[in-house]
Amino acid sequence: MATVKYYLDTRATKPGCPSPIRLAIRVCNSAAYLTTGVCVFPSEWNATLGKVVANRRRQFLNDYLEQFRMQVVNLMFDLKLKGELYTLSARQIRDRYLSSVAKTVAPRFYDWALEQAETKGAVRRSSILSTLRHLELFEPRVREWSFDDFTPRFLRDLQSHMLQQGLKHNSVVHYLTDLRCLFRTARIDELMTKDPFRGLQLRLEATRKRSLSLADLRLLFALRPSKALQTVALDVFRLSFLLIGINPVDLVALGAPVNGRVEYRRAKTGRLYSVKLEPEALALIE
3 MATVKYYLDT
13 RATKPGCPSP
23 IRLAIRVCNS
33 AAYLTTGVCV
43 FPSEWNATLG
53 KVVANRRRQF
63 LNDYLEQFRM
73 QVVNLMFDLK
83 LKGELYTLSA
93 RQIRDRYLSS
103 VAKTVAPRFY
113 DWALEQAETK
123 GAVRRSSILS
133 TLRHLELFEP
143 RVREWSFDDF
153 TPRFLRDLQS
163 HMLQQGLKHN
173 SVVHYLTDLR
183 CLFRTARIDE
193 LMTKDPFRGL
203 QLRLEATRKR
213 SLSLADLRLL
223 FALRPSKALQ
233 TVALDVFRLS
243 FLLIGINPVD
253 LVALGAPVNG
263 RVEYRRAKTG
273 RLYSVKLEPE
283 ALALIE
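Numbering (the numbering used here), first residue to last: 3 to 288.
There could be a bad hint or two in this list.
[What the hints assert, rightly or not] List time: in silico PhoX-like cross-link candidates among lysine-lysine, alpha-carbon distance up to 20 Å:
id, residue 1, residue 2
1, Lys16, Lys278
2, Lys7, Lys53
3, Lys122, Lys270
[Claimed, not checked] Here are the in silico distance ranges between beta carbons for each label pair:
id, residue 1, residue 2, range
4, Asn48, Val260, 22 to 30 Å
5, Ser162, Lys84, 47 to 55 Å
6, Gln203, Glu146, 38 to 46 Å
7, Lys7, Asp113, 49 to 57 Å
Hint data in this document are derived by calculation from the structure and do not stem from the laboratory.
Each residue gets a CB set at the ideal place from its N, CA and C atoms; glycine is no exception.
Please put together the full structure from these sequences, using the hints given.
Listed below in structure tokens is the structure:
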């Protein structure tokens with residue numbers, strides 16, 4: 003008996019994140035799995051139908067998944083006609099598929115990148131979307147490109163274009179680094195056959211130090227504004243400084259102190275912090 007079936011792999015999914023859809027190939031007592039590059043939330047997946055539901059891009063995703071599945075089914079049918087199907091393990095069938103037709107069914111880069119953006123937090127998602135906008139401004143046809151349409155020369159031209167448009171060197175590096183991260187994920191998911199970033203140097207330039215001097219900090223802590231809004235703004239800065247540089251998003255969501263400390267998980271990175279409250283910070287909180 004030989005079967006192919008989609009399933010949602012939730013084993014290593016972090017809370018609040020979507021899970022990857024994989025295609026299971028089973029032949030007799032062996033099994034192997036293919037990554038599709040598509041991720042959805044459990045509420046968006048119908049395991050009985052093996053289809054994406056309740057997702058605004060479900061039509062595109064289901065069309066892509068059906069195309070992906072049929073490529074494997076057709077390969078297995080050909081093997082059956084040749085009398086080879088039951089002489090191979092599921093892993094050997096998977097490897098034959100990857101070596102012959104995997105690159106022909108990879109989704110378009112732009113659509114895939116939009117899907118990736120939807121799986122990220124607000125800050126990372128905004129960064130990816132901004133990178134895609136710059137990419138489309140330079141090459142309007144990029145929405146139709148596959149991963150293998152990108153070349154080292156194209157990326158160098160994109161880099162030069164953004165610099166000519168007045169973007170700072172470090173901003174250009176940021177956008178290209180975002181793009182490189184997307185390609186690394188695609189390579190892990192076996193959606194590409196070559197790396198266009200190979201040999202491309204992305205190094206940040208040193209910038210002047212912008213930190214306040216000790217004298218400036220003392221001045222800000224001693225300052226007593228005459229307007230209420232200025233007082234609030236200054237208190238927010240003081241509290242942020244006293245809480246080891248907590249950003250506004252985490253400051254707004256901060257819970258009540260416990261045993262003279264505040265604990266929070268940074269929204270951007272997920273890292274857990276436990277900060278001792280100094281008397282000055284307690285005075286501002288109270």
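> Going through the earlier hints one by one, which of them does the structure break, listed in rising order?
Replying inline: 1, 4, 6 and 7
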